Amino acid sequence: MSLFTRISCSIRHSQLWRSVFRHTLPCDRRTRALAVLSNLFLHIHPIAVRKNSLRPAFTWYMGGLTFFLFVVEVVTGILLMFYYRPVAEYAYRDIQGLRAHVPFGLVRELHRWGAHAMVITVWLHMLRVFLTGSYKPPREFNWMVGVFLLVLTLLLSFTGYLLPWDQLAMWAVTVGTNMAAATPFLGHEGPGASLLQIDNVPLIHAGDDVRFALLGGTIVGPAALLRFYVLHCVALPVVMIVLIAVHFWRIRKDGGLSGPR
Amino acid sequence: MPTVRLVTKVWIELGCIACDACETICPDVFDVQEDMCLIRPAALEAAFNKPRTELIMDAAKECPVDVIRFETVEVDTTQIPAPAPIRPAADSISQASRSQVTRRTVVSAPAIGWLALTGSSVVGVCTLQRFMMPNVLDEPNPRVPIDDLAKYVAMTPGSVNQDHGSDGIMVVRLEDKIAALSTTCTHLGCLVNWLENERKFKCPCHGSGFRQDGINVEGPAPRPLERYKIAVEQGRVIVDRSKTFQQEKGQWNDPNSYVSVSCAIQGRRDVDPT
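Protein chains in written order, with this note's numbering: chain A, 1 to 261; chain B, 1 to 274.
The set of hints was computed from the structure by calculation and includes no laboratory data.
The structure displayed is predicted, hence computed values, not measured ones.
Check before you lean on any hint, since a few could be wrong.
Said to hold, decoys possible - Taking lysine-lysine pairs in the DSSO-like style, the calculated list, with each CA pair at most 30 Å apart, reads:
(1) B:249 to B:200
(2) B:9 to A:253
(3) B:151 to B:200
(4) A:136 to A:51
(5) B:151 to B:229
(6) B:177 to B:249
(7) B:249 to A:136
(8) A:253 to B:61
(9) B:61 to A:51
Claimed, not checked - The following label-pair restraints were derived from C-beta to C-beta distances:
(10) B:118 to A:182: 28 to 34 Å
(11) A:203 to B:118: 30 to 36 Å
(12) A:147 to B:204: 33 to 39 Å
(13) B:38 to A:38: 19 to 25 Å
(14) B:34 to A:113: 48 to 54 Å
(15) B:54 to A:182: 52 to 58 Å
(16) A:203 to B:256: 22 to 28 Å
(17) A:200 to B:196: 40 to 46 Å
(18) A:128 to B:38: 42 to 48 Å
(19) B:34 to A:39: 15 to 21 Å
(20) A:110 to B:119: 27 to 33 Å
(21) A:104 to B:240: 31 to 37 Å
(22) A:104 to B:232: 42 to 48 Å
(23) B:34 to A:53: 32 to 38 Å
Cβ atoms here follow ideal geometry from the backbone N, Cα and C, with glycine treated the same way.
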């Protein structure tokens with residue numbers, strides 16, 4: 001027995017090695033199932049996957065691409081947080097600095113392109129699910145979770161839009177939040193808001209409606225910038241990650257990817 | 001004759017990975033050990049009844065490696081055998097501990113818990129709603145002192161003064177009035193520009209157009225530009241942006257929404273009779 005074989009043998013029989021790799025190489029049905037079941041990242045896969053549902057023409061891989069783009073957004077977003085300060089005096093300068101002072105400031109463009117691409121892939125994913133009828137029972141709950149994920153994706157896009165703090169950001173968010181002011185009952189310009197008043201004193205006005213809560217004020221100012229930053233970098237991604245976990249878990253519980261039987 | 005399908009025999013083939021799925025579903029029958037799964041000896045001899053049949057079928061369906069096998073038989077529904085106790089008494093909940101859980105505790109304990117959770121959730125949502133709405137804002141003062149009245153009296157009727165455009169105020173000289181127009185577009189809140197050659201206010205966002213007096217003439221804007229409260233204090237014009245006057249509500253006739261030019265000239269003569 002050569003020295004190499006003996007060393008590799010003693011390593012593979014050590015307690016440390018066997019505590020990490022708890023089974024032999026997946027070579028038969030049993031060890032393949034074990035490999036999937038004993039791994040956190042693989043166990044989201046269903047027990048069995050139909051060969052048909054692996055065809056790219058069937059799923060377009062859009063769900064997986066969306067998740068990949070979400071991971072890209074998380075990684076590039078964390079990198080951007082090292083340079084970006086959500087303060088009115090610095091925000092625009094920091095974004096310009098990413099282009100001028102930082103090697104590979106291209107990360108900012110990657111974040112932006114990835115965001116655009118993610119919105120597109122989410123829509124295509126939904127289109128595919130609709131066309132293949134994969135929203136039907138027992139998957140209707142997962143469709144609902146997916147709708148919330150779509151809304152979250154759009155909200156992440158919207159909140160990220162303000163952060164460059166340039167003219168486009170400013171007026172796009174002015175327009176967007178003025179639309180929020182037209183929410184029924186919750187926005188001061190919305191239908192029903194005029195009904196909510198006591199002795200001609202309105203309960204819903206520009207100082208306490210949903211637009212005010214979004215902006216932290218009545219104008220798109222420094223308070224709105226900080227609020228959108230916190231929503232964009234912490235609050236919305238946390239909800240997103242929880243819902244993604246539920247989404248994947250439901251795929252497994254509903255019998256894996258749908259497909260022609 | 002109505003019949004049901006009952007499982008008579010259950011066994012496990014080679015390849016079990018001891019994942020615990022079957023015992024979670026049907027602990028009466030399956031006993032998962034360290035690296036293998038056994039059928040409980042008592043279960044091997046039992047005549048299986050309907051509820052256990054479904055649990056065994058569920059366990060077989062959930063088995064990730066499909067090693068649970070069973071045989072079934074059609075039985076007349078009138079002849080279903082009574083359920084026989086399978087698990088040894090030591091494994092199940094003892095009679096003594098079961099008797100301590102009364103109907104009253106089953107109802108009241110969760111009720112108190114749910115009430116507490118609901119109450120604290122309501123309080124939490126209300127608190128959050130208040131927390132997100134600050135009482136003091138770091139925003140520009142709505143009250144802006146602009147230039148002397150004489151400067152605006154000297155404007156030719158139909159002209160627009162843009163000196164305080166950065167404050168969102170355009171002073172317009174009408175036939176006999178001076179008014180402070182808000183430059184905030186009534187469509188979705190962008191700031192309009194005054195185009196002297198075309199003699200209209202134009203919004204860069206969606207193309208709404210307004211006449212010099214603020215009336216909307218084109219684009220998606222649903223109503224005229226608003227006018228701010230305007231007043232004269234010691235010859236100085238003061239604009240208060242916290243109070244607006246809307247034409248469609250007939251508020252442009254409100255004396256606070258304009259300064260009368262003839263009155264201003266008259267007033268000046270009263271003070272200085274030259």
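Evaluation of the provided hints:
{"no.": "1", "hint": "B:249 to B:200", "result": "22 Å, holds"}
{"no.": "2", "hint": "B:9 to A:253", "result": "28 Å, holds"}
{"no.": "3", "hint": "B:151 to B:200", "result": "22 Å, holds"}
{"no.": "4", "hint": "A:136 to A:51", "result": "21 Å, holds"}
{"no.": "5", "hint": "B:151 to B:229", "result": "18 Å, holds"}
{"no.": "6", "hint": "B:177 to B:249", "result": "19 Å, holds"}
{"no.": "7", "hint": "B:249 to A:136", "result": "51 Å, violated"}
{"no.": "8", "hint": "A:253 to B:61", "result": "12 Å, holds"}
{"no.": "9", "hint": "B:61 to A:51", "result": "20 Å, holds"}
{"no.": "10", "hint": "B:118 to A:182: 28 to 34 Å", "result": "32 Å, holds"}
{"no.": "11", "hint": "A:203 to B:118: 30 to 36 Å", "result": "24 Å, violated"}
{"no.": "12", "hint": "A:147 to B:204: 33 to 39 Å", "result": "34 Å, holds"}
{"no.": "13", "hint": "B:38 to A:38: 19 to 25 Å", "result": "21 Å, holds"}
{"no.": "14", "hint": "B:34 to A:113: 48 to 54 Å", "result": "52 Å, holds"}
{"no.": "15", "hint": "B:54 to A:182: 52 to 58 Å", "result": "53 Å, holds"}
{"no.": "16", "hint": "A:203 to B:256: 22 to 28 Å", "result": "25 Å, holds"}
{"no.": "17", "hint": "A:200 to B:196: 40 to 46 Å", "result": "42 Å, holds"}
{"no.": "18", "hint": "A:128 to B:38: 42 to 48 Å", "result": "45 Å, holds"}
{"no.": "19", "hint": "B:34 to A:39: 15 to 21 Å", "result": "20 Å, holds"}
{"no.": "20", "hint": "A:110 to B:119: 27 to 33 Å", "result": "47 Å, violated"}
{"no.": "21", "hint": "A:104 to B:240: 31 to 37 Å", "result": "51 Å, violated"}
{"no.": "22", "hint": "A:104 to B:232: 42 to 48 Å", "result": "59 Å, violated"}
{"no.": "23", "hint": "B:34 to A:53: 32 to 38 Å", "result": "35 Å, holds"}
Violated hints, listed in ascending order, are 7, 11, 20, 21, 22; each of the other numbered hints is respected by the structure.
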